[in-house]
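Colleague: This is what each chain is made of:
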Amino acid sequence: MSMDRRKFLKAAGLTTLVGLGGKGVFELLRPGTVEAEMNHEGHGKEAHGEKDAGSKIRWAMLIDVMALNKEKIEKIVHTCHHIHNVPNWGDPKNEIKWIWEDEYEHVFPDSYNEYNDILNGMPFLLMCNHCDNPPCVRVCPVQATFRRPDGIVAQDYHRCIGCRFCMAACPYGSRSFNWLDPRVHLEQEIAQGRKLNKRFPTRMRGVVEKCNFCVERLAEGKQPGCVEVAPDVMFFGNLADPNSNVRKILKERISLRRKLELGTKPSVFYLI
Amino acid sequence: MYDAGKVVIGLAIFACIFLFPFLYNHGSAAPQPKPSLDTPAIKALPQKKCVEDTKFMITTHMQFLNDWRDQALRDGNRWYVNKEGKKVWISLQNTCLKCHSNKKEFCDKCHNYAGVDPYCWDCHYDPNGSKL
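Residue numbers (the numbering used here), protein chains in the order written: chain A, 1 to 272; chain B, 1 to 132.
Counterexamples of contact, computed for chain B against chain A with all Cβ distances above 10 Å: (1) Phe14; (2) Ala41; (3) Gly115.
20 Å max Cα-Cα, derived EDC-like pairs, lysine to aspartate or glutamate: (4) B:Lys55 <-> B:Asp67; (5) B:Lys43 <-> B:Asp53; (6) B:Lys98 <-> A:Glu216; (7) A:Lys195 <-> B:Asp126; (8) A:Lys222 <-> B:Asp75; (9) A:Lys75 <-> A:Glu189; (10) A:Lys251 <-> A:Asp241; (11) A:Lys198 <-> B:Asp122; (12) B:Lys87 <-> A:Glu216; (13) B:Lys98 <-> A:Glu220; (14) B:Lys131 <-> A:Asp181; (15) B:Lys87 <-> A:Glu220; (16) B:Lys86 <-> B:Glu52; (17) B:Lys34 <-> B:Asp108; (18) B:Lys131 <-> A:Glu187; (19) A:Lys198 <-> B:Asp126; (20) A:Lys56 <-> B:Asp75; (21) B:Lys131 <-> A:Glu189.
Note that these hints are calculated values from the structure, not bench results. Every residue gets a Cβ at the ideal spot worked out from N, C-alpha and C, and that includes glycine.
Sequences are here, hints too, so could you generate the full structure?
Modeller: Okay, structure coming up:
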């Protein structure tokens, strides 16, 4: 191939222009195509919860801390873990937890003070906060965890590859990883008299799991399991509806949400 | 040819070893499996019909169940409307296995024959069986 000086300079000039001008040149030659390509990728929008800004449902959970006691907590945790066939490993290394108990100073480390005798040492119930802006969803490389339009942060065990990015991202420690096959332990527990909820599957080794706001029960028109066994402690309702039960309670009671400064906007409220 | 005798003997031994499995199994093909529909729930049906027609279910159930999974889990839509306009609740454990309460004689029979190991059963299980 031969090229005279004039042609070479023309080609070099054009290449430099494209290189320096970037997007602008494309805009000049083929208007709109770059923008279309960039929007096409857009999984960012969904992950940030902007997609469902106009959704009519925004599920939220209210927990009346003042009405909680050890007995109720045990009942709630037991019910939830029974409904979802969560094995009770009994050691913190393999522990799987959907809902669990901790003390005020660990739940609200940012607002703890040693003179607050009302709240210090009080038992709190912890669960997935089903954030408006869930960091776990942002980091999941396979979109196994995703935010539904009704605000529930769901976990798709079919897709989960067990990378545990979501566990690192979650500021609330709401996620547990199945280091071992949960069925092995469940079978041992069944042999010792545990009843399985045959309407709900188990998980497999190598996936991350967490509270799902009883999405399978909501689909059937039921309330979440914890609300059903402790209707005086847990309240579940639609935050997007100004006349809903939860909005009415929130108007009357003082409520706390965990780690607000992170901007995750939790949908679990603690009533004081 | 050098060492013709040794080469021929070697080839013969190779042919014997290579052909042995074919000759040994000749004529003893495993019979085509017949998944059993003999369950109380199916017997009680006035018309023995699955969610869609049998031929469709046999050929397409894998894709069909994947679609069900995505619809229920990703889209949150738990109702499936079949070709006749009938509504069906989408659930492997609570709909499929309610009628097909014999996973061993139904699902496993063909899957074992075809040598496939669908990962459904890593988490889902037969609610009628005693084992997970």
